[in-house]
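> The primary structure of each chain is shown beneath.
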Amino acid sequence: MTMDDRRHDGPEEEREAGAEEEPAGEEAAPEEPTAEEPTAEAPTEPAPEDPRGSQGEAPPPPAPPPAAEAPTQPLPPEPRRLLRSRSNRVIGGVCGGLGRYFNVDPILFRIAAIALALIGGAGVLLYLAALVLVPNEPADATAQPPAEGRSRALTIVLVVVVLLVAWPFLLGGGVIAAGVLFPLAFLVAAGVLVWWFVSGEGPSGDAGDIARRAALGIGVLILCGVIAIGGAWAAAAGGGVVVGVLVIASGLAILAGAFLKPVRWLILPAVTLALSAGAVAAAGIDLDGGVGDKTYRPASAADLQEKYQLGIGDLEVDLRNTDLPAGDRPLAIDLGVGQARLLVPEDLCVTTDANVGVGQIDVFDRGTGGVDVDFVEQLDAQPATTRLVVDADIGLGQLSVVHDPGDIRGAFHRGSRDFDGSIAGEDNSACLDTGSSARG
Amino acid sequence: MRADRPDVPSVVAGIAVLALGAVLLLDATGVIELSFGLLAPVACAAAGAILLASGLTRRT
Chain R
300 MTMDDRRHDG
310 PEEEREAGAE
320 EEPAGEEAAP
330 EEPTAEEPTA
340 EAPTEPAPED
350 PRGSQGEAPP
360 PPAPPPAAEA
370 PTQPLPPEPR
380 RLLRSRSNRV
390 IGGVCGGLGR
400 YFNVDPILFR
410 IAAIALALIG
420 GAGVLLYLAA
430 LVLVPNEPAD
440 ATAQPPAEGR
450 SRALTIVLVV
460 VVLLVAWPFL
470 LGGGVIAAGV
480 LFPLAFLVAA
490 GVLVWWFVSG
500 EGPSGDAGDI
510 ARRAALGIGV
520 LILCGVIAIG
530 GAWAAAAGGG
540 VVVGVLVIAS
550 GLAILAGAFL
560 KPVRWLILPA
570 VTLALSAGAV
580 AAAGIDLDGG
590 VGDKTYRPAS
600 AADLQEKYQL
610 GIGDLEVDLR
620 NTDLPAGDRP
630 LAIDLGVGQA
640 RLLVPEDLCV
650 TTDANVGVGQ
660 IDVFDRGTGG
670 VDVDFVEQLD
680 AQPATTRLVV
690 DADIGLGQLS
700 VVHDPGDIRG
710 AFHRGSRDFD
720 GSIAGEDNSA
730 CLDTGSSARG
Chain Y
56 MRADRPDVPS
66 VVAGIAVLAL
76 GAVLLLDATG
86 VIELSFGLLA
96 PVACAAAGAI
106 LLASGLTRRT
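Chains as they are written, first to last, in the working numbering: chain R, 300 to 739; chain Y, 56 to 115.
Errors might be hidden in some of the hints.
Stated by the list, open to error - Only pairs whose alpha carbons sit at most 25 Å apart, straight line, appear in this in silico SDA-like list of lysine to any residue:
1. LYS606(R) - THR594(R)
2. LYS606(R) - ALA108(Y)
3. LYS560(R) - THR112(Y)
Just so you know, these hints were derived from the structure itself, not from any lab.
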């Protein structure tokens, strides 16, 4: 149907009036729409059902509605209602209805519901409540277009409200689940941040991208853990020079890559290697002497070694039944990681020069601890008395000098008396009350 | 392949790692005696410089 045809399809009165008013010639009727000159009567855009709209032909005009179907009054807009979805449902359509109501992906509500179901069971209760209270969508309802203008802030507020409501349930029964999920969430977040730092790919994109980056970041973390253990072990086993050279080589590679092709992925492993080896070196951990527990009970001065050494473990030197002549007896203790116990008789004067990287030093009834702990106590022995000159070096652990094993206290406590300003304590009575004492 | 401009975070990180390696090597050879009192400031300075350079570069 063309526009000319349409002109002659109208009522008879219109045709007559048009014939009177219409000037002769098509040029004199600019108000008449043509295919090339669209007007308000001829829509510029084709109708959706007309595939020829872009072909240059004018779309057919809509047929005049029958008088009986013409609306007499505009209907008031219906308020939006929260309904359970029929087309997008897994169980009861609650999450699908929420997603359509708030114009967000229903999968977010499903994840929140599952999370709340695992943590205390609040998700189950909330879902059941919604299943009862929220009506179902009518069977003949068509899909409603999502409302525009719903901001993300509204969704966040909704989630916060749901969490606040569910908080008693979180406290009630989800301790075990939270103990698993929270560390897992922390691990994923750490993986995303690590990968962000390593590659520069931030936490953007869809869930698949974020999961991929989190997995790669966790892989980098695991790699760094392996490097840290290996570097610490190498440094403690005497390979400090090798580790230092490796770190310097890594630094040179990173520096050269900055001008050629950046190798940012090497930064984190190199720093991890340097810090782990540095911590071992700072603590003075030395694995010489082996691993395990060792106990020494020399019977005489001839059996007493000048140095007792152990890499990792508990080292005990029991001198309570050792026959020692008067005079000075040097005793060195070198322990990498563990606890060193020195048991001495009450008639033995003990003077101590000890260093602990990280840990505790207990000499009779006094103690101190922390990081880089140094203690020097130079005491003079009474006449005709044996003086034991202790030189202890502990990397990570505790040194205890006691008369009785029952006097050994736990690590990282404060002794009953401070080292500062005190000379021979009550339990070190074989020494004279002269000398010096200091800690650091 | 030569980059048009040097990667600033890599430059800073390379220097920081070099400094850490030098400290380790000096300790291993007995020139200095490393302690936590020395390691902690060096490590914090190195990590801070790397993070600062990385963050500033990403911001710009």
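> For each hint, tell me whether it holds in the structure or not.
Evaluation of the provided hints:
For the suggested pair LYS606(R) and THR594(R), the alpha carbons sit about 13 Å apart, so the restraint of at most 25 Å is met. Between the alpha carbons of LYS606(R) and ALA108(Y) the distance comes to roughly 49 Å, so the proposed pair goes past 25 Å and is violated. Note on LYS560(R) and THR112(Y): the hinted pairing holds, with a Cα-Cα distance of about 16 Å set against a maximum of 25 Å.
Hint 2 alone, counting from the list given before, is not met by this structure.
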